[in-house]
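**Q** Chains as they are written, first to last, in the working numbering: chain R, 11 to 354; chain A, 2 to 323.
In short, the hints are calculated from the structure, not lab data.
Misleading hints may appear alongside valid ones.
Unchecked claim - Cross-link-like lysine-lysine pairs, in silico, DSSO-like; alpha carbons within 30 Å at most:
no.	chain 1	residue 1	chain 2	residue 2
1	A	16	R	161
2	R	303	R	293
3	A	47	R	161
4	R	303	R	132
5	R	82	R	161
6	A	192	A	182
7	A	179	A	192
8	R	338	A	192
9	A	43	A	121
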Amino acid sequence: MLQTAQRTAKSKTKKPALPHERFLEAFRWMLLARTLEEKLVSLYRGGLITGGVYIGKGQEAVSVACGLFLQKNDIFAPLIRDQAGRAAFGEPLIDVTRTYLGSRQGPMRGRDGNIHRGHPRKNELAMISHLGAMISVTVGALMAKRFRGEKGFIGLSCIGEGGMQTGSFHEGMNIAAVEQVPLVVVATNNHYAYSTPNEREFACHDLVDRAIGYGFEGYSLDGTDLAACLDVIGSAVKRARAGRPPQLVVASVLRLSGHGEHDDASYVTDEIKREPFARDCLKVTEQTIVDLKLVDSETLAGWRRHAAAQVDEAISTAQKEAPPEGDKEDWCAISTRSLVDSLE
Amino acid sequence: MSITYLEAIREAQAKLLRDNEDVFIYGQDVGGTFGGAFKATKGLAKEFPGRVLNTPISEDAMVGTAIGAAMHGMRPIVEMQFADFSSTALNQILNNAGTHYWRTDVPIPITVRLPSGGTKGSGPFHSQSMESIYAHYPGLIVMTPATVEDAYTMLIEAVAIDDPVIYCEHKYLYYHLKAEKLPTEGLPTGKARIAREGRDLTVATYSAMLHEALAVAEQLASEGFETEVVDLRSVKPLDTNTVLASVARTGRLLCVGESFPWGSATAEIIARVTAEGFHLLDAAPQRLNAKDTPIPYHPNLWSAHRPNTKEIARKARALLRE
Ligand SMILES: Cc1ncc(C[n+]2csc(CCOP(=O)(O)OP(=O)(O)O)c2C)c(N)n1
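I would like the entire structure built from these sequences, with the hints used as guidance.
**A** As structure tokens, then:
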């Protein structure tokens, strides 16, 4: 992945030489995601959020690359740690804060929380908790588009290395290749599934080797290197759009938080924290911006202020909104009213 | 001319494919020249190229794929090779399809066909009736057609419904039931049907057990008892009102279902009738289900495991004596 970054850098002759043409744009989404999630964590610590808070700290570079190259008619199936990608795909911040803060105006209306939100009508699938299940759902959405004669669309489905060990994931990958849908699966190996380290998750040499077994094309990358993320995931998206077989990208990072904010992650070893993939991608990106003098420090500070202001506004708006109420809720799990099974 | 329950299912699918280009069929061995383990899709792949698709043995992914397709405008019909194997798709059906409308306001119009119920020699893994499990979870409609006519019209209705439908088709009825012709319209789902009128006892049942119950009613008639038989047609929604109205006439209720007894549809009917119509009952309501063991292979054991005419008649007589 270092090679790809260098190749991109070399091919640019203009100054300042961007490591990738969408590098700064991507950085701003990462910054927004980090700012938002830090704020959500402090609200959680203050007892203002019910349920869990699951953040993507350390995974923003991979995630933003997942959202950034998708168009409106593409299908995006984000997972637990994809705040950056969701934002880049077009999910409004207010929907995040409404969901976490339990506003009845949020997309889930208090019926589901945190990362389980989505906008199926806007092509952002609403994950269920059960890991692995959303791969085949993405495949089905792509088949529908093909059946209906749409052109030029792709789907991108995210997964962790933990979720990769489910039967559902395996079935989903296999059926994606059988159906030859234009799919990119981005697997982020953050080296822990909750508290379980890689060696108790799988025993193969390298997860990307599975690509060939499924009939996917496989690529690996250092998920702390934003330019590599943009290059490798961007290229996978392009290949899928061009009609190549389904694409698997495996990114290596370390989860820089607990599994959720209830978790102190004391099981993460000091040794692994010294690995190159344990770097904080946001800091690495910022350092690159400074080193290459891509923008001046004033501009950077301005971006930071802007992100904070957006987050504050989304939070204060959601906080003012009414929560759902049990006695006013429409307790109906199907859309066909005439077929509701009434128990009275 | 006569048409079987199985042919009705095939004809319904042919009509659905013909009338609506958003319909496709997805399942193991349904395509090609084969047409499914029971031939419920025979000839359809040829007649509708690209729309009757064989899948890998991946029940989870079959349903997951159907969910994604339904979310984006399609009307998939998933054929499980046997109802029993839908257990490996429970997650997608219960947690994904069943929750989606509630969570996101976007309904999932999939139809999952389950070749259900026991036949001789089929054993523990090719005989199950899973309607009670599916009915237990929110967000699903569970159809249990007992006649050729219902097999046809309810499958057409299932695909038209915007919500996920579990369509339990009984394998024993596939070849044993025949009708003169296919109907042009049927009772809507959610409405039970009085299959036989009577004033001494109500038997509420569905699917293949309807025919066992009707046979028992015939026997009891020769003994001077008039049995009213209610065909529930769907277990969710459950037409409690029709059962209550029948119990108001008879004062006695026996519920018969082929699924395992614990928490079954029969238990649900009794709970509702007892709560709503306690005053209508002249005797404690009774139920009969399969035994609480896995389903045996040997015909001698199998026929004793499932509710059969002898057992139904015994229960009915005991109830009539009370
Ligand atoms: C099928 C399933 N089993 C268990 C869980 C509970 N669970 C939620 S997240 C998680 C760890 C997931 O690890 P990974 O897929 O690597 O993603 P990460 O949390 O590391 O981003 C577990 C075990 C679940 N959501 N789904």
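**Q** Indicate, hint by hint, whether the structure satisfies it.
**A** Okay, the hints, checked on the actual structure:
1. About 28 Å separates the Cα atoms of residue 16(A) and residue 161(R), which keeps this hinted pair within 30 Å; it holds.
2. Distance restraint check for residue 303(R) and residue 293(R): the Cα-Cα separation of roughly 15 Å lies within the 30 Å cut-off, and the hinted pair is therefore satisfied.
3. For the suggested pair residue 47(A) and residue 161(R), the alpha carbons sit about 26 Å apart, so the restraint of at most 30 Å is met.
4. The straight-line distance between the Cα atoms of residue 303(R) and residue 132(R) is roughly 37 Å, outside the 30 Å bound, and the hint therefore fails.
5. Of the supplied pair hints, the one linking residue 82(R) and residue 161(R) holds, its CA atoms being roughly 13 Å apart against a limit of 30 Å.
6. With a C-alpha separation of about 22 Å, the suggested pair residue 192(A) and residue 182(A) falls inside the 30 Å cut-off, and the hint holds.
7. For the suggested pair residue 179(A) and residue 192(A), the alpha carbons sit about 22 Å apart, so the restraint of at most 30 Å is met.
8. Under the criterion of a C-alpha separation no larger than 30 Å, the hint pairing residue 338(R) with residue 192(A) is consistent with the structure, at around 29 Å.
9. With a CA separation close to 24 Å, the supplied pair residue 43(A) and residue 121(A) stays within the 30 Å bound.
Of the numbered hints given earlier, the model fails hint 4 alone.
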